[in-house]
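K.L.:
What follows is the residue order along each chain.
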Amino acid sequence: MPDSDRDIVVMTGIDKSFPGVHALQNVDFSLARGEIHALVGENGAGKSTLIKVLTGADRADKGTIAIDGRTVSPRSPLHAQELGISTVYQEVNLCPNLTVAENLLIGRQPTRLGFSINWNALNARAREYLKQLGVEIDVTQPLGSYSVAIQQMAAIARALVISNAKALILDEPTSSLTALETKQLFSVMRKLKADGIAIVFITHFLDQVYEVSDRVTVLRNGSLVGTYQTAALSRLELIRLMLGRTITDLDDMTAHKMESSHNIAVESLLEADDLGLSNSLEGFDLSLHAGEVVGLAGLLGSGRTEMANLLFGVDKPDGGTMIMDHKPVKDFSPAASIARGVALCPEDRKVEGIVADLSIRENIILALQAGQGWFRRIATKEQYEIADKYIKLLNISTPSADQKIKNLSGGNQQKVILARWLAANPRLLILDEPTRGIDVGTKADIQKLVLSLAEQGKSCVFISSELDEVLRTSHRIVVMRDRAKVTEFSGQVDEKGIMQAIAGSVS
Amino acid sequence: MNGSFSRTWSKLTESMLFLPTAALLLILIADFFLIPGFFNIEIKQGHLYGSLIDILLHGSPTMILAMGMTLVIATGGVDLSVGAIIAISSSVAAIMINPTIVGMNLTDPRLFINNPQYTWAPLWLVFVVPLVIATLCGLWNGMLVSYWRIQPMVATLVLMIAGRGIAQLITNAIQIIIFNDTFAFIGNGYYLFPFSLYVAAVVFVGAWLLTRRTSIGLFVESVGINYRSSFYSGINERRVKLFAYAFCGFCAGIAGLIIASNIRTSDANQIGMYTELDAILAVVIGGTLLGAGGRFSLMGSAIGALVLQATLTSMLSFGVPASAITAVKALVVVVVILLYAEQTQTFLRGVGKVSLRQEATR
Ligand SMILES: Nc1ncnc2c1ncn2[C@@H]1O[C@H](COP(=O)(O)OP(=O)(O)OP(=O)(O)O)[C@@H](O)[C@H]1O
Ligand SMILES: [Mg+2]
Chain X
235 MPDSDRDIVV MTGIDKSFPG VHALQNVDFS LARGEIHALV GENGAGKSTL
285 IKVLTGADRA DKGTIAIDGR TVSPRSPLHA QELGISTVYQ EVNLCPNLTV
335 AENLLIGRQP TRLGFSINWN ALNARAREYL KQLGVEIDVT QPLGSYSVAI
385 QQMAAIARAL VISNAKALIL DEPTSSLTAL ETKQLFSVMR KLKADGIAIV
435 FITHFLDQVY EVSDRVTVLR NGSLVGTYQT AALSRLELIR LMLGRTITDL
485 DDMTAHKMES SHNIAVESLL EADDLGLSNS LEGFDLSLHA GEVVGLAGLL
535 GSGRTEMANL LFGVDKPDGG TMIMDHKPVK DFSPAASIAR GVALCPEDRK
585 VEGIVADLSI RENIILALQA GQGWFRRIAT KEQYEIADKY IKLLNISTPS
635 ADQKIKNLSG GNQQKVILAR WLAANPRLLI LDEPTRGIDV GTKADIQKLV
685 LSLAEQGKSC VFISSELDEV LRTSHRIVVM RDRAKVTEFS GQVDEKGIMQ
735 AIAGSVS
Chain H
14 MNGSFSRTWS KLTESMLFLP TAALLLILIA DFFLIPGFFN IEIKQGHLYG
64 SLIDILLHGS PTMILAMGMT LVIATGGVDL SVGAIIAISS SVAAIMINPT
114 IVGMNLTDPR LFINNPQYTW APLWLVFVVP LVIATLCGLW NGMLVSYWRI
164 QPMVATLVLM IAGRGIAQLI TNAIQIIIFN DTFAFIGNGY YLFPFSLYVA
214 AVVFVGAWLL TRRTSIGLFV ESVGINYRSS FYSGINERRV KLFAYAFCGF
264 CAGIAGLIIA SNIRTSDANQ IGMYTELDAI LAVVIGGTLL GAGGRFSLMG
314 SAIGALVLQA TLTSMLSFGV PASAITAVKA LVVVVVILLY AEQTQTFLRG
364 VGKVSLRQEA TR
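Chains as they are written, first to last, in the numbering used here: chain X, 235 to 741; chain H, 14 to 375.
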């Protein structure tokens, strides 16, 4: 029985359907004062939908919501805020061309005599709030000029600013944060918890679930699996509850990888010689071979994405040369790269990836079609075949290939973008954070997929902030720091050495 | 309400064609009750006559303009210069028929006096050259928008203002009356239906094939929705925009020939005035989002053009003075804005949802 002294939020029997999708079925969820409550489940399990129902962004078809023992029906996120629930949604929705301070305090600006905005006070307050999160930046700069991580922190700070919050909801807040930033966020979360605020924390990182949460609720396919004390649940058990199956051991991947390293071509497919772009990336040498996975390790902002953008021609280099198939590359543009057989699955899904109003099918065939040009249209039937193949391969949860991509869950959108680049059938595939927001089960599938692509003779570049993942998939690891390539590791991996190279400490 | 009704309803309201078709039906139903004889159609000398036929005849140029405008708006832009391009294309056609009127000594003026059917340039060139020039005008707009990165509104404003001046230079600011009957046929002739309707149909089918049987339509939508993602996907976003504006210019060229033919005159100062607004309105009624771009429907735009023309023809038949017509158009704009507002859309869909929910709780 829900205990109204302890529980701030009690949701019972929540049901929500979208056309063709039963997103939530009779789900119960309760949130106690002063707890950090993790919410986990596969991509499309219904986590974000449950949150949206609670915060009035979506309406439930059935079920009741009680806050502090009173039954309420949140009409809008604003209304939910008035009821004491503030939220940071999965997709950051702040205004990139307003300043950081404006974004934080919009609608609650300190005014002079109630009229004109007191800019000094506004900026000082914004600075103060961010400092509490361990972020010290110039708050008078446009938010868009900062990294995704900083934007994420700003969104969290904004949610905290909203006074009298009894509950704070964070939907995948750590998916683009560095380890250090995550630590800072956790310490803020613990502080809030000590103040009696309840926190819902959605993540696909199980380590983080164990590190910070008191209880964990598991959803699967829109149904509640259960709510557990985190400490009493083993990791394997948690995975089993989430997936409904146990996950095949990742260790045999290493053996597999060692074996496949014999297939690496001697001759290089692509050769960069002192390739660089001023103010972006220092000149670097790199050779990529068919049959090989090269991992790019480094902190956020270390130059990994910049390197990917140069290799794919998003940016034009102003120094050095690039040779592919023994011919110097002159035409740097995505279109020309695709024609050469190079593909890049970009880092920022929302801005560089999805075409929101197009269907899954159209999103998947987009790059393949662009490569074929205007007049060699892929027949509709073939489009469906391609789309259905990848929906199955990547386990994309959707009622049909005609669903608009914007109606998919975050992780499933990511899978569609990945499918777009697999469908383009490149010889060199550059993956920039391909597993961001993807659930544990599929993450392992994608890592295996990358290895099997290499086995088929493709060359892959794998970028990830998770060192584990890079170590597991890569034959060779390139370490980036401060917008330059610092070193390369091949053969037996030396994890400690890599970590030191990333951090830049000499020992 | 039963479930199958509400499901059909929600399918209907989600279709892009729902609102324009409903609007057209509503106008026609009102006409049926308010204007006696509105639906009468007679056959005289193998022609169809009647108010409905008038709608098709006079709606054709807007329909044609709307095809090009649809693509431009779908890329996230707008073309304000189609009226000016109409002036240019009709002026070029007029002086190619009779250059002596504007004082060009290219041929003997008496030829035209002796034979009103005489044309200086061969007739096929009278059609082709204006279309080529109109397409070049469109390309110019496209260049400004895609390569120079000028806001579409500003970029096309240049030609909107300059275009009429150019047309006046071409015609020496003289109204040119066109006597050639073959030229006059495209805007006045009939093969049972008005000839211009066949032209509109060809342009519609052509535009449809060009966008939907190739990948151009997909690229246009993709660029309109998210040009960065499109760029990363290897779509040449500039070329797509260039194409859309060029096609829009081409359509305006055709519309210019039809209008000039219909009134047997080219008047650089007045011809095609405000047609850009009609074309934009037709596209918006058709469900393509102005400003945002993205998903487009050529059929929706064609119906949108008919909605506009039906409103106009009904008003005239009803006896509304021509001077009040602009006010009526303004009213249409207001209604369209209200109808396409997010709230209304949600409300319309909600009508179906409520009944679904009742069904679920049962
Ligand atoms: N607006 C919508 N229209 C149609 N279907 C939707 C809509 N929003 C969500 N869905 C569907 O509801 C299901 C649950 O989605 P939800 O976003 O809650 O998943 P999630 O658990 O947050 O997943 P992820 O880990 O990928 O973020 C998915 O199958 C999704 O496709
Ligand atoms: Mg989600």
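None of these hints come from the bench; they were simulated from the model. Errors might be hidden in some of the hints.
Calculated cross-link-like contacts (lysine-lysine; reagent style BS3-like; alpha-carbon spacing at most 27 Å) [to be verified]:
#	chain 1	residue 1	chain 2	residue 2
1	X	615	X	491
2	X	640	H	24
3	X	564	X	640
4	H	24	X	296
5	X	584	X	626
6	X	638	H	57
7	X	550	X	564
8	X	550	X	561
9	X	296	X	638
10	X	730	X	682
11	X	365	X	400
12	H	24	X	615
Far from chain H, some chain X residues (derived; all Cβ distances over 10 Å) [what the hints assert, rightly or not]:
#	residue
13	241
14	330
15	352
16	367
17	380
18	420
19	458
20	466
21	488
22	494
23	578
24	590
25	612
26	633
27	634
28	687
Label pairs and their computed distance ranges (CB to CB) [said to hold, decoys possible]:
#	chain 1	residue 1	chain 2	residue 2	range
29	X	252	H	25	15 to 23 Å
30	X	253	H	227	26 to 34 Å
31	X	413	H	174	34 to 42 Å
32	X	252	H	305	16 to 24 Å
33	H	304	X	252	53 to 61 Å
34	X	365	H	25	49 to 57 Å
35	H	341	X	616	22 to 30 Å
36	H	330	X	331	47 to 55 Å
37	X	479	H	350	47 to 55 Å
38	H	149	X	331	34 to 42 Å
39	X	610	H	278	41 to 49 Å
40	H	227	X	495	41 to 49 Å
These numbers come from a predicted model, not from an experiment. We treat Cβ as the ideally placed atom computed from N, Cα and C, and that holds for glycine.
K.L.:
For residue 367(X), is the shortest beta carbon distance to chain H beyond 10 Å?
P.N.:
Given that every Cβ of chain H is farther than 10 Å from that of residue 367(X), nearest at about 29 Å, it holds.
K.L.:
Would you check the hint for residue 550(X) and residue 561(X), treating anything up to 27 Å between C-alpha atoms as holding?
P.N.:
This hinted pair holds, its Cα atoms lying about 17 Å apart.
K.L.:
Between the beta carbons of residue 304(H) and residue 252(X), is the distance compatible with 53 to 61 Å?
P.N.:
At roughly 27 Å between Cβ atoms, residue 252(X) and residue 304(H) fall outside 53 to 61 Å, so the hint is violated.
K.L.:
Against the 27 Å threshold, does the CA-CA distance of residue 24(H) and residue 296(X) hold or violate the hint?
P.N.:
With a Cα-Cα distance of about 23 Å, the restraint between residue 24(H) and residue 296(X) holds, given a limit of 27 Å.
K.L.:
Taking the shortest Cβ-to-Cβ distance between residue 330(X) and chain H, state whether it exceeds 10 Å.
P.N.:
Holds: least Cβ distance 13 Å, greater than 10 Å.
K.L.:
Is 16 to 24 Å respected by the C-beta to C-beta distance linking residue 252(X) and residue 305(H)?
P.N.:
holds (23 Å)
K.L.:
Closest CB-CB distance from residue 420(X) to chain H, is it above 10 Å?
P.N.:
Nearest chain H Cβ is 33 Å from residue 420(X), so the label holds.
K.L.:
Are the Cα atoms of residue 365(X) and residue 400(X) separated by 27 Å or less?
P.N.:
holds (22 Å)
K.L.:
According to the definition I'm using, a residue is off the interface if its beta carbon is farther than 10 Å from all beta carbons of the partner; does residue 466(X) meet that for chain H?
P.N.:
Since the minimum Cβ distance to chain H is about 37 Å, residue 466(X) lies beyond 10 Å and the statement holds.
K.L.:
I want to verify a distance hint. Is the separation of the beta carbons of residue 341(H) and residue 616(X) within 22 to 30 Å?
P.N.:
violated (49 Å)
K.L.:
Does the hinted range 41 to 49 Å hold for residue 227(H) and residue 495(X) at CB?
P.N.:
With Cβ atoms ~44 Å apart, the hint holds.
K.L.:
Measuring from beta carbon to beta carbon, are residue 479(X) and residue 350(H) in 47 to 55 Å?
P.N.:
holds (53 Å)
The structure does not agree with the numbered hints 1, 3, 6, 23, 24, 25, 31, 33, 35 stated previously, though it agrees with the rest.
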